[in-house]
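Asker: Listed here are the chains, written in short residue letters.
Protein chains: 2
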Amino acid sequence: MGHEITLSIDAMGGDNAPASVIDGIAMQAKRDPDTRFLLHGDTAVIEPLLAKRKILEGRTDIRHTDDVIEMDAKPAVAVRRGRQSSLWRALESVRDGEASAMVSAGNTGAMMAMALFCLRRATGVDRPAIAALWPTRGMREHCIVLDMGADVRADAADLAKYAVMGSEYARIALGADTPRVAVLNVGVEETKGRPEVKEAAEILREMAGHSDCGFTFNGFIEANAIPTGEADVIVTDGFTGNVALKAAEGTAQFISGHLRGAFEHDWSSRLAALFAMASLRRLKRRIDPRRVNGGVFLGLDGLAVKSHGSADATGFAAAVELAATMSRADVIKRIAGQLEFSLESINAVTDSTDSDGARQ
Amino acid sequence: MGHEITLSIDAMGGDNAPASVIDGIAMQAKRDPDTRFLLHGDTAVIEPLLAKRKILEGRTDIRHTDDVIEMDAKPAVAVRRGRQSSLWRALESVRDGEASAMVSAGNTGAMMAMALFCLRRATGVDRPAIAALWPTRGMREHCIVLDMGADVRADAADLAKYAVMGSEYARIALGADTPRVAVLNVGVEETKGRPEVKEAAEILREMAGHSDCGFTFNGFIEANAIPTGEADVIVTDGFTGNVALKAAEGTAQFISGHLRGAFEHDWSSRLAALFAMASLRRLKRRIDPRRVNGGVFLGLDGLAVKSHGSADATGFAAAVELAATMSRADVIKRIAGQLEFSLESINAVTDSTDSDGARQ
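Here the protein sequences come in this chain order: A and B.
Position 196, counted from 1, in the first sequence is what the numbering used here calls 196; the numbers after and before it change by one each time, with no gaps.
Position 117, counted from 1, in the second sequence is what the numbering used here calls 117; the numbers after and before it change by one each time, with no gaps.
Next up, chain A with everything else stripped away, as it sits in the complex (with noise of 0.2 angstroms):
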């Protein structure tokens, strides 16, 4: 699997934790014999849990803490006043270096601030992102896109940014030597969209010429073509790209609901559920969004996964899996080294941009 690492966990986060967050730690550790986890929460609840699995023996250290940042709890609120939370402790493990990633299924805004305050920003990043994996139809099985919601707002050369943050993301865990970058808008046409997002294309386009940038630049990309795979890093801010995924979220349970529906109808639906199940239970798979959790906090000086709130022990051991590939590959340190890279580049595009835009 390789070298050994520790992960540092948030026992207490999410809508089934502790138990979803045991067993899932417990489905890695099946799959991934390097792995220990630094727990953080209460001890009289979770030390229960481990003793039922066999294969977490000997592998974990609980860190006891009583305090849980609730789900709906306010970010700023849970900054304050939660320093002595599961969600917080679990971040300084990994600022403190007893563990090279963090992964919780908490309240998302709150961990998203603690993030800010306890790891703080990369250097040269204004606006950490979230970055998602997105099913597609093409070459590759998923694409990258980010923001899906650290920050409301994105500007030009924050979009810039998300790309070479992206692209070091796509290296490791697409596969993708050279990333295809594309920004999200509302047409591919040169002309439309917001300004800033026009800004970004400028900057990306002059960044991409260049032999050494690691990534293509393919333009502007329509949210429907997000799931053909022509680009496997898409960048957008945090309000659009939120939308974006809740609006493929809720089209998908739409449609199965209508599915169901459907194969429940008369005596011959009935009957070719019955043969299809197969098939349909191949293509759930498929689009299964607990494969693919895990959203990835990049622009920080430290590693944290978020899982989804509501994930079960599969959901949530897909997030810790992606936390070790991650830290594995060391993308903290790459994406540092990217960005020095391309800091100058961003740098020289947004001035010449804005005084083009004064001359104007």
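Because the hints were derived from the structure by calculation, they are not lab data.
Check each hint, because a few of them may be wrong.
Since the list gives no way to pick out one identical chain from another, each pair is judged satisfied if it fits inside one copy or across any two copies.
[To be verified] Lysine-lysine pairs mimicking PhoX-like chemistry, simulated, CA-CA at most 20 angstroms apart:
| no. | residue 1 | residue 2 |
| --- | --- | --- |
| 1 | Lys74 | Lys198 |
| 2 | Lys192 | Lys74 |
| 3 | Lys30 | Lys54 |
| 4 | Lys52 | Lys30 |
| 5 | Lys192 | Lys54 |
| 6 | Lys192 | Lys333 |
Please arrange chain B on chain A, whose structure you already have, making use of the hints.
Answerer: Quick look at chain B alone, frame taken from chain A:
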């Protein structure tokens, strides 16, 4: 069906024009004997198509023009140079009172730009919007989402006006006497989202507090909840709305592609497909985008309906039917009345919010 109306038709706009346009109006003519059509386009190609459709005999007039706006023409160029085009002429017929609504499957950006010039904004409206019907599994078959891409931005007052205009649309098209309005956001908590979105929620909460408001306010909605039907009118800026719609379309295509694959996998899945045929056809019909084709331009001093560019005859007929329904219900006058009534309270709230903001 109702009183006789004349609809102005851009016979040349769209990927399949003019054949799908003529076939589409023929379908609608069969359903609604009290509609006449004013066709703008190339007489030489329109006449032979009309000759094949007995139902249209004596119910059409052709206004010849050679000029067509290309699907990829830039809006600004179209407005400057396209005054002889079928699109512009079709709008002119509404402006001049020859027709009560116009329909085009042409270039959306050009159509909106031309409509702004030709029909002009309704009193009090800064940003007109494109409103679309979105399929739901709620008590009504659809909800209304706007703006779908008329403008890439919207401030709080714009969003409040979208709520007023969308509610009038919902009363006519959905039969919702007191529509439930919601603002699209990245979370349902009051603290989430962009400033303009939070301010819009404040305005709408204030407005909905008055007994004669005409709609109720549900607060924020996330994109995954759009298809649940928990709101009848969902307001957002045109950038976000356009991305949400296309993300939903892309997901539907992604799933139906996989579904097709799943049913061709082996002998049992092929057998299943045979039995499931009827059910799948029912599902397809339920979510068939052609049945709900038509983006209604709201906030203009005249009625314009945009059909999907790739619409076939069935799709175009749906857009024409929508135009007829909205025209008979006198949607433009009703919206003008509602806006006049609402502008004072929208301005009152935005003014006080502004001064609050300044005080901080």
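Asker: Work down the list of hints and note, for each, if the structure agrees.
Answerer: Consistency of the hints with the structure:
Proximity of lysine 74 to lysine 198 under the C-alpha cut-off of 20 angstroms is restricted to the inter-copy arrangement: shortest distance 16 angstroms between copies versus 34 angstroms within a copy. With identical chains, the CA atoms of lysine 192 and lysine 74 are at most 20 angstroms apart between copies only, with a shortest distance of 9 angstroms across copies and 36 angstroms within one. Within a single copy, lysine 30 and lysine 54 get their C-alpha atoms as close as 10 angstroms, which meets the 20 angstroms cut-off; across copies the closest is 72 angstroms, which misses it. When the C-alpha separation of lysine 52 and lysine 30 is checked against a cutoff of 20 angstroms, the pair qualifies only within one copy, where the shortest distance is 14 angstroms, while the shortest distance between copies is 70 angstroms.
For the homomeric pair lysine 192 and lysine 54, neither the shortest alpha-carbon distance inside one copy (57 angstroms) nor that between copies (43 angstroms) is at most 20 angstroms. For a Cα distance limit of 20 angstroms, the shortest separation of lysine 192 from lysine 333 qualifies neither inside one copy, at 36 angstroms, nor across copies, at 32 angstroms.
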